[in-house]
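A.B. asks: All chains should be built: construct the whole structure from the sequences, respecting the hints.
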Amino acid sequence: MADDELIYGHRMSEWTGMGPIMEEDIAYSSMAQDKIGHALANYSILEKEFQTANPDKLAFFRKENEMMNCQLVELSNHEYDFSLVRHFLFDHADFIRYEMLSTSSFAPLAQLSKKIKGELKYHVLHADTWLTRLGNATDESHVRMQSALNELWNYALGIFEPSDFEAQLIAEKIFDGEKVLQQKWIEKISPIIEKANLKIPTSSSPVYGGRKGYHTDQLQPLLTEMAEVISSEAEGTEW
Amino acid sequence: MPVTVFNKEEIHKSLVEVMDPEIPTLSVVDMGMITGVEETVTGVRVKMIPTFTACPALRVIKEMIKSKVESLGYENVEVQVDDSIIWNSDRITPNGKILLENFGLGTPQRHAGNFGLEEIAHSKCPHCGSEDTTMNSIFGSTLCRSTHFCFSCKQAFERFKPV
Ligand SMILES: [Zn+2]
Chain C
802 MADDELIYGH RMSEWTGMGP IMEEDIAYSS MAQDKIGHAL ANYSILEKEF QTANPDKLAF
862 FRKENEMMNC QLVELSNHEY DFSLVRHFLF DHADFIRYEM LSTSSFAPLA QLSKKIKGEL
922 KYHVLHADTW LTRLGNATDE SHVRMQSALN ELWNYALGIF EPSDFEAQLI AEKIFDGEKV
982 LQQKWIEKIS PIIEKANLKI PTSSSPVYGG RKGYHTDQLQ PLLTEMAEVI SSEAEGTEW
Chain R
3 MPVTVFNKEE IHKSLVEVMD PEIPTLSVVD MGMITGVEET VTGVRVKMIP TFTACPALRV
63 IKEMIKSKVE SLGYENVEVQ VDDSIIWNSD RITPNGKILL ENFGLGTPQR HAGNFGLEEI
123 AHSKCPHCGS EDTTMNSIFG STLCRSTHFC FSCKQAFERF KPV
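As they're listed, the protein sequences go chains C and R.
Going by our numbering, the first sequence runs without a break in its numbering and finishes at 1040.
Going by our numbering, the second sequence runs without a break in its numbering and finishes at 165.
There may be inaccurate statements among the hints.
Result set (DSS-like, lysine-lysine): computed pairs, CA atoms no more than 27 Å apart in a straight line [as the list claims (entries may be wrong)]:
id, chain 1, residue 1, chain 2, residue 2
1, R, 15, R, 70
2, C, 849, R, 49
3, R, 15, R, 68
4, R, 64, C, 849
5, C, 918, R, 99
6, R, 99, R, 70
7, R, 49, R, 70
8, C, 915, R, 49
9, R, 64, R, 99
10, C, 985, C, 974
11, C, 858, R, 64
12, R, 49, R, 10
13, C, 849, R, 68
14, C, 918, C, 989
15, C, 996, C, 980
16, C, 915, R, 64
17, C, 1000, C, 985
18, R, 15, R, 64
19, C, 864, C, 849
20, C, 915, C, 864
21, R, 15, R, 49
22, C, 974, C, 864
23, C, 915, R, 99
24, R, 49, C, 918
25, C, 918, R, 64
26, C, 858, C, 980
27, C, 918, R, 68
28, R, 49, R, 68
29, C, 849, C, 915
Simulated from the structure, these hints should not be mistaken for laboratory data.
Quick caveat: nothing in here was measured; it's all calculated off a predicted structure.
C.D. replies: And the structure:
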């Protein structure tokens, strides 16, 4: 979860100064700031409760095959519509995940999730607004949105790749599991996709691997860049 | 030995002078960020909560609270983030809402945890008080603000979001 937020936050921040309009520029940098804050909060729980390395080390000094983010979030931004569709697909899943975790038996995560889900409400709302706006705009924008959806769909299903600890998480009431999450996600996004006049691809084969450290060639350049930025700053970096 | 005798009222009162860096007319007390003031064995502990998870000013705010309390003569002042309470916009005091409006920001309505697009999009204009407004963007100049436009006085304004 933390890796998803971290990598996706950095992808979102790449829109700073590049957005199609000023408002969108601001929206993406605000959301990027939120995501990276959420990553830090999650890494901090790991450090506090499980005595892992500190958040800086976890975030910026792990190898590519140690990153557990889904591949969806590491893909380069491409065009605006590609980024927007990814934003829509990912943030709905993310919101529902934190909503489910807000009743987790693992108290520190439950508490954090209550806070994060309130903030993610705005991300989801932003995505919904633009998806329906562009899906129903010109023919050209409609075609581009549909092709982005086709291209991203299998990656989005990869969000729900179960970990090796899935059964244990469910048994101990820490998390209801990826299957339940995916089901809730489909139920939530289907009517919105329909409202945007788009169609969910009929065939699907989820892109798994990200949660086990297998990534596309687009992740390493991003990690290198992140580590360079951090190394070039002084000790005790401010997030 | 503490130099000053612990006085909760006095400490609390002093924190009204610690302003939120993002909205310089609003104190951390009016923002609802202070959750407790306690005496410890050697000094004082102030418990507080950040407004947003990614609040960039958190460290600065903690420092400001610490030096304010120290300026009263207390030693060993500890500022602790209170993990037991989650900040939401209902915590802004009635006085805080007046100050927000005076600062030119629309205010969030009370929501008791229940709000959707309608509550997010609908804001009273802080300039003229009109309800005839529309939301331009849910992300404004800082994480806590959205941008709006008032049809009555034809002015744009920002609003402190309901969270
Ligand atoms: Zn007005």
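A.B. asks: Any hints from earlier that this structure breaks? Give me their numbers in increasing order, please.
C.D. replies: Result: hints 20, 22, 26 and 27 break, sorted rising.
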